[in-house]
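Produce the complete structure using the sequences and hints provided.
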Amino acid sequence: MPASSEAQTTATLPSDVDLHARPAAAFVRAAMAFEASVTIAADDREADAKSLLSVLALGAKAGTSVTLRADGPDAARAVDTLGELIAGLVETPG
Amino acid sequence: MVGIVVVSHSAELASGLSALAAQMAGPDVAIEAAGGTADGRLGTDEAGVAAAIERAGRDGDGVVVLGDLGSSILTVRSLLAEQPDGHVKLADAPVVEGAVTAAVTASAGADLEAVVQAAEETRDARKL
Numbered sequence: 001m002p003a004s005s006e007a008q009t010t011a012t013l014p015s016d017v018d019l020h021a022r023p024a025a026a027f028v029r030a031a032m033a034f035e036a037s038v039t040i041a042a043d044d045r046e047a048d049a050k051s052l053l054s055v056l057a058l059g060a061k062a063g064t065s066v067t068l069r070a071d072g073p074d075a076a077r078a079v080d081t082l083g084e085l086i087a088g089l090v091e092t093p094g
Numbered sequence: 001m002v003g004i005v006v007v008s009h010s011a012e013l014a015s016g017l018s019a020l021a022a023q024m025a026g027p028d029v030a031i032e033a034a035g036g037t038a039d040g041r042l043g044t045d046e047a048g049v050a051a052a053i054e055r056a057g058r059d060g061d062g063v064v065v066l067g068d069l070g071s072s073i074l075t076v077r078s079l080l081a082e083q084p085d086g087h088v089k090l091a092d093a094p095v096v097e098g099a100v101t102a103a104v105t106a107s108a109g110a111d112l113e114a115v116v117q118a119a120e121e122t123r124d125a126r127k128l
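Chains as they are written, first to last, in this note's numbering: chain A, 1 to 94; chain B, 1 to 128.
By construction, these hints were calculated from the structure, which means they are not laboratory data. You can take every hint at face value.
For lysine to aspartate or glutamate, the following DMTMM-like pairs were computed, each having C-alpha atoms within a straight-line distance of at most 25 Å: (1) K61/A - D44/A; (2) K127/B - D48/A; (3) K61/A - D80/A; (4) K61/A - D43/A; (5) K127/B - E12/B; (6) K127/B - D18/A; (7) K61/A - D18/A; (8) K61/A - E84/A; (9) K127/B - D92/B; (10) K127/B - E97/B; (11) K61/A - E97/B; (12) K127/B - E46/A; (13) K61/A - D16/A; (14) K127/B - D44/A; (15) K61/A - E46/A; (16) K61/A - E91/A; (17) K127/B - D43/A; (18) K61/A - D48/A.
FRET-style restraints, in silico, Cβ to Cβ: (19) E6/A - E113/B: 25 to 31 Å; (20) A19/B - Q8/A: 35 to 41 Å; (21) A87/A - A81/B: 47 to 53 Å; (22) G60/B - D43/A: 42 to 48 Å; (23) A21/A - S71/B: 28 to 34 Å; (24) D124/B - G59/A: 17 to 23 Å; (25) P27/B - E6/A: 33 to 39 Å; (26) D124/B - E91/A: 26 to 32 Å; (27) S10/B - E84/A: 37 to 43 Å; (28) R77/B - D44/A: 41 to 47 Å; (29) A21/A - G70/B: 27 to 33 Å; (30) D28/B - D71/A: 27 to 33 Å; (31) T67/A - L69/B: 39 to 45 Å; (32) P73/A - D111/B: 17 to 23 Å.
Even for Gly, the Cβ is constructed at its ideal location relative to N, Cα and C.
See below:
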């Protein structure tokens, strides 16, 4: 049995990217790849990281610090990967 | 990859929603619009819907259909009843939330059942 199946990290959205539309979809798509359940919290609100509507409703703004929590066999990898993705999001034009 | 078809009484609504879903899902998901009648009026064109399903199914992984109201839904149901095909599913979901969620879920490589489920879960999503 693994020592721990829970993991947590914080990440900060880039100063020019809100977690909406395409960036939110990219985040949710990446979260779906993990077996662990994952949540993303910002400003005292929390969303299921695998639910697009939930993440869109969170409305995390550019520059916001978010907390990622995961529970499951690949929890550590999930929060690491998703934390890096959040910090590296770019707003693609068009 | 699972394909998506948006069926609406309005060609503009179907193509606009398809564009929104495609922007969020990326280029790998086949998203097809079937809106309006063949002669450009508001309504539903069964042959047009069938053609859209055919195009969206090009990967062979199945197709999820989202419809707007009334006869759009009835047209899809009758089409699926005439040609039973386990690879085509009509989702019982709100059309905007359902289509966007289905497209993004499909883009993650989810299978047909998972895409239908994700679309149908949007029935309970509150806006506020």
